[in-house]
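K.L.:
Below, each chain spelled out in residue letters.
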Amino acid sequence: MIYSFVGYYSLVLGLIIGLLLFYFSYKNFYTSYVLDTKILTFTFLQLFFVFISFLCLIFSFVVSDFSNETVFNNSHTTKPLFYKISGTWGNHEGSLLLWLLVLTLFIFLFLVRTKNQPIKYKILTLVFQQIIIVGFFLFLIKTSNPFNYIFPIPLEGLGLNPILQDPALAIHPPILYLGYVGSSIIFSSVLAATSLKIISTSWASHIKKWVLISWIFLTLGILLGSIWAYYELGWGGFWFWDPVENVSLMPWLALTTLLHCILVLEKKTILTSWVIILSIATFTLSMCGTFLVRSGILNSVHTFANDPERGLFILVFLFILIFLSMLIFFFFHKDNDKKSYNFFWLSKETSILINNWFMMYFLSVVLIGTVYPIFLDVISSQKISVGPPFYHKLMIPFLIPFLLMMAIGPKLRWIKSQIESKIYLISFLIISILLAFLVLKNFNQNILINTILISSALYLFFITLRDFFVKKYKNISQNIAHFGFSLLILSILFNNLFASEIITNLKVGETFKNSKTKIVFESIDQQKEQNYNAFIANFSISNSNGEEEKFSPELRIYNQPEIATSEADIKTTLMSDKFIVINLVQNQDFFNVRYQVKPFMLWIWLSVILISFGGIVSFLQKRL
Amino acid sequence: MKNKILPFGVIIIFGIIFFIFYKGLEESKIYTPDLNAKKELPVFNTKEFFSGKNIKSSSIFDLDKIYLLNIWSSWCVPCRQEHPILMNLNLENNINIIGMNYKDKLKNAENFLKELGNPYKKIFIDLDGTIAIEWGAYGVPESFLIYNNKIIKKYIGPLNQELVDEIKLLIK
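Chains as they are written, first to last, in this note's numbering: chain A, 1 to 624; chain B, 625 to 796.
A hint or two may mislead.
[What the hints assert, rightly or not] Computed, partial: chain B to chain A, Cβ under 8 Å:
#, residue
1, ILE629
2, PRO631
3, PHE638
4, ILE644
5, LEU649
6, PRO702
7, CYS703
[To be verified] Calculated cross-link-like contacts (lysine to aspartate or glutamate; reagent style EDC-like; alpha-carbon spacing at most 20 Å):
#, chain 1, residue 1, chain 2, residue 2
8, B, LYS647, A, GLU548
9, B, LYS689, B, GLU790
10, A, LYS383, B, ASP688
11, A, LYS571, A, GLU522
12, B, LYS777, B, ASP688
13, A, LYS516, A, GLU554
14, B, LYS647, A, GLU522
15, B, LYS774, B, GLU758
16, B, LYS796, B, GLU650
Derived by calculation from the structure, the hints in this document are not laboratory data.
All values derive from a computational prediction rather than experimental measurement.
Even glycine gets a Cβ: it sits at the ideal position worked out from N, Cα and C.
Here chain A stands alone, though its shape is the one from the complex (with noise of 0.2 Å):
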């Protein structure tokens, strides 16, 4: 009771604290050449407030305080103390406050870091950042308040989803938020240095860290929750086109590309629009995600809260804010590029662009995947449903020319005054596809595209080797996230080439058998744990050498609330991953028996590390 009460006023003060925070900067911004202290403090005491009120709800969580509304749908008394404090941030409004709290602390880490710019840039990003705030705030307040009271108080909660029960899962959101909300920082200053007009190569080196820091987070988030899809979902993949997949993906495309204009901004004032519309974009596209998850306009294993009087609330908030950057974009950016610097064709500045242009290409065919659906079902209400094979057909042959870019772009200052370089590039090329192709040969696979496709990735794979060992190049940073991307396309594309499944059903006793795999399904165990009731199945599996491995995957039964769910059971090696999952078959006795054996998937997880590595030792330099 205690809890809900301290959290519910602390968030009404943060509010209060919000609109306080307009004034001063009003006085500050036209009287003062320093930054008033009283803006510091009160930013620190609005972040206090919203942390005071988050740790109120982690403590109704633990203790189970059932007369708190959100701790009742969404918890339980048998749950584990980890789950308990994880099923904060597992439901609607937990997340919401989460969001709220990653908004604070970035704005007051904000103030405090930044050195070196202009005092008024700094108050107007506060200011813009507070809008944002105290939108969420009212958004949070009005229409879900996670601190509402229920009477009489129920005995016991409804419980977490099982689904949402999983170690990555409960890490998930906050790294992806702080990526998501990581991009709300740039988007205020980057509106705050359009107002005031002061785009420059500076400020480009000073925001580049905040949007390392976002993206580093936002790479980091996308990677968990696909490794949480895998393990858990049991779906035996990593990436379903999903559309709340989608929409995580979306601000990651957005910001990547920033990344690489801000690298230019850095050097020359030139792709200043570009900066500011991607920072525009990566926001709004953030903010578009919360739209489309909270809302329920889409059906998703995302969508948790089915609300429409939240969805009218963040659809105005987020054109709103549209609305206003595009009216500061136009109003006072006048583009200059032209007049300080002419593009050679033949620069790294070029190449950046064309990469630009296939980001925003790979971007459009993935928003276009997304909310098409939703625009045909209000214009025609027709209802369709965009799959993987439409993104797979659009996206892949870009992906040829994109990878090629990736390994010389970086490299077009040298091509003019080097000849060996050339030949070295030439020659790394033909060893790539005469590669591809052997391997391809020997696998009986579709060979033109695949030998294309995976000539190009080995291509950038072995540029980008050859470049750690070459002592004169010194992007370090770069060269690690172009490795792993390209690690991560090889991975990818052998994982789905060489990938095979059998699907067979099983009664206990029986054994299935083909040239190559010998499954026994050997006995079913039954285990009772604190919250759910696990039966295991006991597999022995056997390869064409002879060698035996055992695998138990379960069907777990939760009690609070009662669903089954299926756990795959996992062996994971460093060349492959075999995976065996069961499912209960309706009024029958046997099983349904699904066994994979996946090449290369833990070098999809180890690829995508090492991009967002890239960008933490790029973050890294920057401070020495």
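Guided by the hints, dock chain B onto chain A, whose structure is given.
P.N.:
The following block gives chain B in isolation, referenced to the frame of chain A:
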């Protein structure tokens, strides 16, 4: 000139997007089978319950008569509750109750009728539940009021006295 058109164009485009999202919010996202109210009857072939002979749907329903199609099953507990009400309704002269035996074992169904009585003029079998799907049924029990080969009204779940009174009113 060009510089002025661009902002307006962008604002109009976003305005349209806003409008479409707004409309999208209003629509319910819960999918339901279409209600077959006042629609033509589906056409199907099936077996007669007692004789086991093949019959066509057209031979079951005549024009100008009122029918109540009742989907039932011996394993369905609410059907058991509903049964006396059907027996009662059968006393009315101007209604013919037709039974659709849904995913049932013949033996159990016969016992069920022996125990509780048979209110049905005719019974046909829907062994795998496909005919019920064609009727747009959600489950058992469910009843359809039929006149002139058209579905007048659909009752989901067991009938109670209140609904029977309504049916009696509709018949008149």
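K.L.:
Is the interface hint for B/PRO702 satisfied, with its Cβ closer than 8 Å to some Cβ of chain A?
P.N.:
violated, 20 Å
K.L.:
Tell me if the interface restraint on B/PRO631 is satisfied: Cβ within less than 8 Å of some Cβ in chain A.
P.N.:
holds, 4 Å
K.L.:
Hinted pair, alpha-carbon criterion (20 Å max): B/LYS689, B/GLU790. Please report holds or violated.
P.N.:
Given pair B/LYS689, B/GLU790 holds - Cα atoms ~18 Å apart, limit 20 Å.
K.L.:
So, as I understand it, the hint says B/PHE638 touches chain A; can you test that by seeing if any CB pair is closer than 8 Å?
P.N.:
With a minimum Cβ separation of about 6 Å from chain A (threshold 8 Å), the hint on B/PHE638 holds.
K.L.:
Return the status of the interface hint for B/ILE644: holds when the least beta-carbon distance to chain A is below 8 Å, violated otherwise.
P.N.:
holds, 5 Å
K.L.:
Do the alpha carbons of B/LYS777 and B/ASP688 lie within 20 Å of each other, as the hint requires?
P.N.:
holds, 16 Å
K.L.:
With 8 Å as the cut and Cβ atoms as the points, is B/CYS703 at the interface with chain A?
P.N.:
It is violated, given that the least Cβ distance between B/CYS703 and chain A is near 19 Å, above 8 Å.
K.L.:
Tell me if B/ILE629 is really an interface residue toward chain A, meaning its C-beta lies closer than 8 Å to one of theirs.
P.N.:
violated, 11 Å
K.L.:
Within a Cα-Cα threshold of 20 Å, do A/LYS571 and A/GLU522 meet the stated pairing?
P.N.:
holds, 18 Å
K.L.:
So if I understand the rule, the pair passes when the alpha-carbon distance is 20 Å or less; does B/LYS796 with B/GLU650 pass?
P.N.:
violated, 40 Å
K.L.:
Are B/LEU649 and chain A close enough, Cβ to Cβ, to be under 8 Å, as the hint says?
P.N.:
Constraint on B/LEU649 satisfied, holds at 5 Å.
K.L.:
Given the hint that A/LYS383 pairs with B/ASP688, test it: the Cα-Cα distance must not exceed 20 Å.
P.N.:
violated, 39 Å
In this structure, the hints that do not hold are numbers 1, 6, 7, 8, 10, 13, 14, 16, in rising order.
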